[in-house]
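Participant: Mapping to the UniProt record's numbering: the sequence shown position 421 is 421, numbers consecutive.
Source of the hints: derived by calculation from the structure; they are not laboratory data.
Treat the hints with care, as some may be off.
[Stated by the list, open to error] DSS-like cross-link-like pairs, simulated, lysine-lysine; straight-line CA separation at most 27 Å: (1) K498 - K522; (2) K338 - K522; (3) K498 - K418; (4) K133 - K78; (5) K498 - K60; (6) K55 - K78; (7) K60 - K105; (8) K340 - K60; (9) K414 - K522; (10) K133 - K252; (11) K410 - K252; (12) K105 - K252; (13) K410 - K434; (14) K434 - K498; (15) K157 - K105; (16) K252 - K340; (17) K418 - K133; (18) K105 - K340; (19) K157 - K414; (20) K418 - K157; (21) K418 - K252; (22) K252 - K498.
[What the hints assert, rightly or not] So the derived label-pair ranges between C-beta atoms look like this: (23) G504 - Q142: 16 to 22 Å; (24) G35 - E335: 58 to 64 Å; (25) G504 - Q363: 21 to 27 Å.
All C-beta atoms, glycine included, are put in the ideal place defined by N, C-alpha and C.
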Amino acid sequence: MTAIRNLPMFEGIALVTGAAQGIGKAIALRLADDGFDVAVNDVPANSENLSEVVKEIRAKGRTSSAHLADVSVEDQVKGMVAEVHYLVISYLTFLKMVANAGVCKWARLSDTSVDEWDRVMAINGRGTFLCYKYAGMQMISQGRGGRIIGACSVAGKRVGSIFMGTYSASKFAVRGLTQAAALEFGRYSITVNSYAPGAIETQMLDYLDQNSSMSTGSGPGSFTRIMTDNTPLRRIGTTTDIAQLVSFIASKESAFITGQTIAAKNPPHDIVRQSPSADGEPALTSDEREGPCAGRHTHARGIGKAIALRLADDGFNVAINDIANQASALAEVVEEIKQKGREGSAHVADVAIEEQVRNMVEQVVDTYGRLDAMVANAGVASYTPMFEMSTQEWDRILSINARGTFLCYKYAGKQMIKQGHGGRIVGASSIAGKQGSPFNPAYTAAKFAVRGLTQVASLEFGRYSITVNAYAPGAIDTDMLSFVNPSGRSESIDDQFKQASPLGIIGVPNDVANLVAFLVSKESQFMTGQTISINGGVYFD
Numbered sequence: 001m002t003a004i005r006n007l008p009m010f011e012g013i014a015l016v017t018g019a020a021q022g023i024g025k026a027i028a029l030r031l032a033d034d035g036f037d038v039a040v041n042d043v044p045a046n047s048e049n050l051s052e053v054v055k056e057i058r059a060k061g062r063t064s065s066a067h068l069a070d071v072s073v074e075d076q077v078k079g080m081v082a083e084v085h086y087l088v089i090s091y092l093t094f095l096k097m098v099a100n101a102g103v104c105k106w107a108r109l110s111d112t113s114v115d116e117w118d119r120v121m122a123i124n125g126r127g128t129f130l131c132y133k134y135a136g137m138q139m140i141s142q143g144r145g146g147r148i149i150g151a152c153s154v155a156g157k158r159v160g161s162i163f164m165g166t167y168s169a170s171k172f173a174v175r176g177l178t179q180a181a182a183l184e185f186g187r188y189s190i191t192v193n194s195y196a197p198g199a200i201e202t203q204m205l206d207y208l209d210q211n212s213s214m215s216t217g218s219g220p221g222s223f224t225r226i227m228t229d230n231t232p233l234r235r236i237g238t239t240t241d242i243a244q245l246v247s248f249i250a251s252k253e254s255a256f257i258t259g260q261t262i263a264a265k266n267p268p269h270d271i272v273r274q275s276p277s278a279d280g281e282p283a284l285t286s287d288e289r290e291g292p293c294a295g296r297h298t299h300a301r302g303i304g305k306a307i308a309l310r311l312a313d314d315g316f317n318v319a320i321n322d323i324a325n326q327a328s329a330l331a332e333v334v335e336e337i338k339q340k341g342r343e344g345s346a347h348v349a350d351v352a353i354e355e356q357v358r359n360m361v362e363q364v365v366d367t368y369g370r371l372d373a374m375v376a377n378a379g380v381a382s383y384t385p386m387f388e389m390s391t392q393e394w395d396r397i398l399s400i401n402a403r404g405t406f407l408c409y410k411y412a413g414k415q416m417i418k419q420g421h422g423g424r425i426v427g428a429s430s431i432a433g434k435q436g437s438p439f440n441p442a443y444t445a446a447k448f449a450v451r452g453l454t455q456v457a458s459l460e461f462g463r464y465s466i467t468v469n470a471y472a473p474g475a476i477d478t479d480m481l482s483f484v485n486p487s488g489r490s491e492s493i494d495d496q497f498k499q500a501s502p503l504g505i506i507g508v509p510n511d512v513a514n515l516v517a518f519l520v521s522k523e524s525q526f527m528t529g530q531t532i533s534i535n536g537g538v539y540f541d
């Protein structure tokens, strides 16, 4: 027998539905690589393929079992979850459910029969509901939290074809269900999220190609061509792209993300390799700065420091930025980076001033020879009613939060294009960039601007294998949080945010750093133009 070496630490038990092929199979194999024992499900017609997946998982040194069930039938889902629990009862660690099973119907609504509607909604909608329901019940009884993940689609965020009305409706249902489940299960430390793929190389794509050509007379492969032409880098995704996203959502590092449907679309083709190496790879992070009525974040604390140190842990050499009066704090973070065995350097600059940003990027390239990732984290906040806000205060906040991000994107993008091997650009939006917030109109407007800028930059830079995304934090335990009490209520602001979150917690800087680490990694290669919410379920996209 061949020995299995260097197995990852055991992470628990995962159940993946629709796992005999395609995305489900890729997810199951990836979770096995991550250290999970994996139970896999599909319908009896796919039993042979399912058995092969079990063999592949076991070949990785993990335990696996096959469970035949129709996810649209309640007794079968209930029995399947009970079977998985019975098989692993000694562990009491059934902690992940990936409800991936789904079907697609290509037809105009006017040509869709009630039976066809019912079939698609039963599998995609009711099936996800039943998986969420019985996995949630089991996880609650275990008392150890868990992760529940559903399969949405880009068609569940925006209808892209008149021939996919039933499918789109079912995937919109998954989004709503995911939000409702996140609210209900959050108190038990169970997060509920879903993934929303674009065009992926699967049998479903072959089906869409065939039916598209017949419906529109556009020739074989027309659907793939349309989807490819509508992405910045002219390619469609792979099942591995989705498995990598699910791996992150299923991990401990996604603990402060719940109720979200995360899109995986518009990918680059050639990725920049960013795994730890002897040489390291340079990343540039800028951080939030002090100003009147502003929460003060330097690299001595807060989100920026957490990101810089996490990227160093991940194998990057890290150049860090702040304004002049934070130079001593910046130097301390450089020392922490160097203690991790990575190179670090401090670059004093005001991100709102074009010449300083251009010079900063040039200095980083002069120091390290290249730039692979830019994290534009700098920002200020001001909690001032609109009638009391001066034009000067508005201009100050927009210049740092919006113009500063624009300049970081611009000069990092130019450098990455010049290098010719792609890159990652990440910006700082906010929950206030997704939903208007009273008493801070300039901050809200600026963070909405970052979202729009991120989408535009992803379209412009995509052809060069550069992805551009942003993170949108909610309440994070930093100095800035103490400045936030626009309502004037006397109770602790921490308590207010905890009560608003279904998880009953506020975030910590490492929660955001974990997300950024994923966004700058090679595993996020199929994600661009997205602003990812990380807010404990306070707001759903």
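Participant: K157 and K414: Cα distance at most 27 Å?
Facilitator: The given pair, whose Cα atoms are some 31 Å apart, is violated under the 27 Å limit.
Participant: Does the structure keep K338 and K522 at a Cα separation of 27 Å or less?
Facilitator: holds (24 Å)
Participant: Has the given pair, K498 with K522, been kept, meaning a C-alpha gap of at most 27 Å?
Facilitator: Not OK: K498 and K522 at ~33 Å, beyond 27 Å, violated.
Participant: Between K105 and K252, does the CA-CA distance stay at or below 27 Å?
Facilitator: violated (36 Å)
Participant: Hey, K434 versus K498, does the alpha-carbon distance stay inside 27 Å?
Facilitator: Holds: K434 and K498 sit about 19 Å apart, inside 27 Å.
Participant: Are the Cα atoms of K498 and K418 separated by 27 Å or less?
Facilitator: violated (46 Å)
Participant: Checking one constraint from the list: CA of K340 to CA of K60, max 27 Å. Satisfied?
Facilitator: Given pair K340, K60 is violated - Cα atoms ~31 Å apart, limit 27 Å.
Participant: Given the hint that K60 pairs with K105, does the C-alpha gap stay at or below 27 Å?
Facilitator: violated (35 Å)
Participant: Are K418 and K252 close enough, with their CA atoms no more than 27 Å apart?
Facilitator: Roughly 37 Å separates the two Cα atoms, so the pair is violated.
Participant: Does the hinted range 16 to 22 Å hold for G504 and Q142 at CB?
Facilitator: Roughly 18 Å apart at Cβ, these two residues keep to the hinted range, so it holds.
Participant: Does K252 sit within 27 Å of K133, going by the straight-line distance between their CA atoms?
Facilitator: The given pair, whose Cα atoms are some 22 Å apart, holds under the 27 Å limit.
Participant: Taking 58 to 64 Å as the hint, is the beta-carbon distance of G35 and E335 inside that range?
Facilitator: violated (33 Å)
When held up to the earlier numbered hints, the structure conflicts with 1, 3, 5, 7, 8, 11, 12, 17, 18, 19, 20, 21, 24, 25 and fits the remainder.
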